[in-house]
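Colleague: Model the full structure from these sequences, guided by the hints.
Letter by letter, the chains look like this.
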Amino acid sequence: MSTRTTTPSGIDRSTRLRLYRLMVELRDFEQRAYELFLENLVRGTSHLALGQEAIAAAFGVAMREDDYTFCTYRGHGHTLARGASMAGAMAELLGRANGMMHGKGGSMHLTDVTHGAMGSYAIVGAHLPIAAGAAWSAQVRRSGQVSVCFFGDGTTNIGTFHEALNLAVVWRLPIVFVCENNQYMEYTPIRSVTAVEHPAADRASAYGLEPILVDGNDADVMYDTAVKAIGQARTGKGPSLVEALTYRHGGHSRADPARYRPEAEVREWLGRDPVQRYRERLLAAGIDEGALAPIDSEAQAKVDQATEEARQGPPAALEEIEAQVWADGGSTWRN
Amino acid sequence: MSTRTTTPSGIDRSTRLRLYRLMVELRDFEQRAYELFLENLVRGTSHLALGQEAIAAAFGVAMREDDYTFCTYRGHGHTLARGASMAGAMAELLGRANGMMHGKGGSMHLTDVTHGAMGSYAIVGAHLPIAAGAAWSAQVRRSGQVSVCFFGDGTTNIGTFHEALNLAVVWRLPIVFVCENNQYMEYTPIRSVTAVEHPAADRASAYGLEPILVDGNDADVMYDTAVKAIGQARTGKGPSLVEALTYRHGGHSRADPARYRPEAEVREWLGRDPVQRYRERLLAAGIDEGALAPIDSEAQAKVDQATEEARQGPPAALEEIEAQVWADGGSTWRN
Amino acid sequence: MAQLTFREAVAAGIAQEMERDPLVYFIGEDVAAAGGVFKATVGLLERFGPERVRDTPISEQAIVGAAMGAAMTGLRPIVEIMFSDFLATCWDMVANQVAKTRYMTGGQVSLPLVIRTANGGGTRFGAQHSQSLENWAMAVPGLKVLAPSTPADAKGLLAAAIRDPDPVLFFEQKSLYGTAGEVPDGEHLEPLGTAVIRRPGRDCTIVALAAMVPKALTAADRLSGLDIDAGVVDVRSLVPLDTRTILGEVRKTGRLFTVEENPRLCGWGAEIASIAADECFDDLDGPIVRITTPHVPLPAADVLEDAAMPSVDRIVNTVKGAMR
Amino acid sequence: MAQLTFREAVAAGIAQEMERDPLVYFIGEDVAAAGGVFKATVGLLERFGPERVRDTPISEQAIVGAAMGAAMTGLRPIVEIMFSDFLATCWDMVANQVAKTRYMTGGQVSLPLVIRTANGGGTRFGAQHSQSLENWAMAVPGLKVLAPSTPADAKGLLAAAIRDPDPVLFFEQKSLYGTAGEVPDGEHLEPLGTAVIRRPGRDCTIVALAAMVPKALTAADRLSGLDIDAGVVDVRSLVPLDTRTILGEVRKTGRLFTVEENPRLCGWGAEIASIAADECFDDLDGPIVRITTPHVPLPAADVLEDAAMPSVDRIVNTVKGAMR
Ligand SMILES: Cc1ncc(C[n+]2csc(CCOP(=O)(O)OP(=O)(O)O)c2C)c(N)n1
Ligand SMILES: Cc1ncc(C[n+]2csc(CCOP(=O)(O)OP(=O)(O)O)c2C)c(N)n1
Ligand SMILES: [Mg+2]
Ligand SMILES: [Mg+2]
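Residue numbers (the working numbering), protein chains in the order written: chain Y, 1 to 335; chain P, 336 to 670; chain F, 671 to 994; chain G, 995 to 1318.
Honestly, the hints are just simulated from the structure, not real lab data. Treat each hint with caution, since some may be false.
Some chain F residues judged to face chain Y by a derived CB distance under 8 Å, without partners named [claimed, not checked]:
| no. | residue |
| --- | --- |
| 1 | Ala737 |
| 2 | Thr771 |
| 3 | Pro811 |
From the three backbone atoms N, C-alpha and C, an ideal C-beta is built for every residue, glycine too.
Modeller: Structure, rendered in structure tokens:
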């Protein structure tokens, strides 16, 4: 199996600029989140996807507005890529009242239903069946919506992966499963605990699916892959399972210095930074610096503004503790 | 993929007679169990494997005395095939004090540790990881023991199947996973809910294993398959996943008339009865009626004797209710 | 009023709501073509078709997970988990995902979904198919929990659960499936969060659930012959819990007994006993006594199972002994 | 005596038993090379080698299942479930297989295995990584359940759990990992089934567990300034439960308060309160009061999490209010 690294389809200029913009925004947002963590403003844990931006951005651009995203605790990018409020996300990381979930969920559970970001799930594998359920709902409501479900390499070894894939294929659901193979679980390399080399692609045939193994650090490849898989789902041709090879630049969670990774490996992957690489490719393709520089500075400004808004927010409100257990807004369990 | 139906290896006469004897015993035992159920003596549920005897018998004959068997609620045959007491099994079905587990487990949980029958498990899929654990134990104790784990086609769609297979391969455990594909779950055909045609064999590659699809109604084929897979496990070459095609003659559990199965299908499979077929093959191979008839009558006598012993047993003893929760023999949870 | 069995009442409750609301879907193992292993869903496939009534693979996590995803996006799914014991195989979906997602998202999603399941012992299925697990669900914030004792409640509470905007665990006691009773014709709904005084009593209050209700009623009959006027309250809704009705009775009689099918520790009986020991302390005239299965897995043999579970005899003797 | 942190004491307890018994094996996610995500198993891989200390795939059902199979066949496995919340993903293995198999087989198999897990809140991880779930385990017959509050008990109870012939769920409160205390050098074992009176008291008894113990002790200090002499009992072993010590104190003081980190319904506090309401009824001078987290999933933001969990203030105010 070999990974595709060039884009065959000739993606148009404006789409490529959208891809670039989105990647830069995700990068800047997470770098800022890391700075705020160093300032001790992010109280809870957080899991950054620095280095993995091409995947979230490509799907974000390729999805229809009413499609569904399901992602993990490493889901800032996937959520923002759907158009969710950056200030709302940042405020949630800081535990503020103006957070996307009023401080009740935190970094690991970013959700913005109005933008189709149906939740970030913190128990490995749980969201695969849930995403399949959203696809089932779309199917029987004949809404044409597609469900896209992102997860890591380590997730391919847990039972829900298997159950969700089987159900999705049997019911021919409109869903795209996207495995972001960043080579590691928390601190353990995926190859040391997995029966096959490519944890998702080598298992596609167990569900009657084609293996799809792509360069997850190439925004064009990811975009083509997304368009194709989403198109297949939307036209009733059923699920896909995509394995995108990538790497996280930093540790698993905020406090992890990631010393378990060989230096040469880290260096090699930093050399394949999806943002830098895409910038160079766009320049090489004749899109000039004058088109890219404003995107860079607008992204910074957007993150600055979001950070400012978030920092202005008051701490989460104590009434929230007993709110929204039930649909009536409260938490009463007795009369 | 095609299933093997002839025996290449020239199994010796005495082994073939052992295979035949064991199959006949399992057949007679379960037919008797069914009669006792009709007499209303079997109070709980029971799941018969009439028609599937070749699989349990072949592994029973091929296993070493100290190897481990893990099976399901449909496990009378797998347990008896290890040499467990027939009277103990029958008495357990009748809820008697002389039952194999003193009446505490019932038909679905037959266990005889002294004969390596490590339990019958009634939650679909649960015993696959447990069987892998026994194999892990054998591996690190360097005991040379092999763990054999039987389960149904429907079990291939639950998460534990996936988790156990992956772990077994990664740790290269001495285990044989045996999927008895009898075409149905309870009342639902396996093909209607499974993403691939051969629920186990088509998934072997997801764990880097060879697909093994065999005729589960052919005792010689099953025996060869067992010898090979067990040998591989015992010599440190790791796990196998065997899919054996078979059919249950009756319903899922004692009260199921199995009307959901097409008549022609039932007829076809009854024509492939493993016991009858093996008898005919042995006769054709020159083993004469005089060698087989005594086996038939000895098996009947053995079942008669076991039934008699079971019926003589008093009802389970009330002290058992609070016994053996803990290793001290009791159930005390407070002082 | 028609005379229906409990299992027929279950099917009637589902049918009533599927008829009313095209967004109600029903999935589970062997529920469609076979009508359920307890025959509690017979006829639904024929009536509502294979898109709305579907058999699934054996994969409880996928079943509950799929229902959750569907509930978040506009359907009102009903799922069957064949035996409540199997809830353990999808407990993460139930307890960590379904129960918590509305809260964690600050109320962004609603989860109108019902998980129906066959619960409890008395059928000689052994320890892995006989548990009474309503207390597992009660311990998890975010789940509503119902367990009817009559065919009428099976229909009315199930229909109300389907219509409820929150996730409901609906426990159907296996030993009740064959019992029959009057069930109102036409639309029938029973409100969540309401206990029912099945028998008023002056001397003591027996609080029971599901299959323990008929046993408690028989015990109360026998106790009246011993000059003990015992009332019986059918909890039927553990979450929300009708503490007003329950404590009202306890305050009147001054004595509380609970009858639980589940094993001894941390059951719903302990919860109700603790509430009474806090809020009715001054009204209590004697110890609060819980009658439960001992803290053991349920044995399979008929004589053992019958002796392990609370029986009418045990209720009568316990109450009699404590009321001396 | 050495001064150790709670996390160091956990590692010391494991090391003590692995040194002693070559059949003790230890598996889990990120436990070997990384020394555990809470650094509670640092050094074990180096000391005992990769055969006995092993990293697993992310597959909790396989982890617990494998440990069970190994325990049935001669090993004494220890497994780590990284966060107790993840017990839900393998709850069938824990509650239906591990807990019931000795019983169902009439005692044919022993299951000497320990499931260690990081439990509880206070670390801003949100609702899926902060639950206090010792009551889930307590509700299942066949499981022993421990939750230490000090480094010394972390070592001594964990070592005893490993040596115990039955399955033990060992809950390590995340908020205690960084706390330090004296731990006996050399072999150290604390017996299962024993509660400890951390502070004798005349006026009332506060029963607490794990991270609630230091809070209860601080609250008792403050209450003594208000002329309320409150005793504190550290339960530490929920199964077996030392009712003798607990009820002994309640009988002396006549007042019982429980302090639980878990949500309101069906916690161990309800169990102990119910036992007291039954067996010490005549000794009680007032209502039994439970102090718990409200019945909600735990929120993530620091201010919300702190206000939701029982605090020293809340304990002081509740006891003061009830003792008036
Ligand atoms: C069921 C479960 N087990 C363990 C964990 C702890 N955990 C959180 S993230 C993680 C690693 C996941 O690896 P992968 O799927 O590759 O995703 P990545 O973090 O690399 O994006 C683990 C083990 C969990 N959250 N849920
Ligand atoms: C987790 C779980 N789900 C459902 C069941 C109910 N159940 C018992 S047997 C069975 C069918 C199993 O089919 P298969 O694996 O093919 O085995 P067979 O009965 O055909 O031998 C089902 C669904 C169960 N015991 N456990
Ligand atoms: Mg990864
Ligand atoms: Mg089958």
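Colleague: Hint by hint, say whether it matches the structure.
Modeller: Tested hints:
1. Ala737: It holds, given that the least Cβ distance between F/Ala737 and chain Y is near 6 Å, below 8 Å.
2. Thr771: holds, 7 Å
3. Pro811: holds, 6 Å
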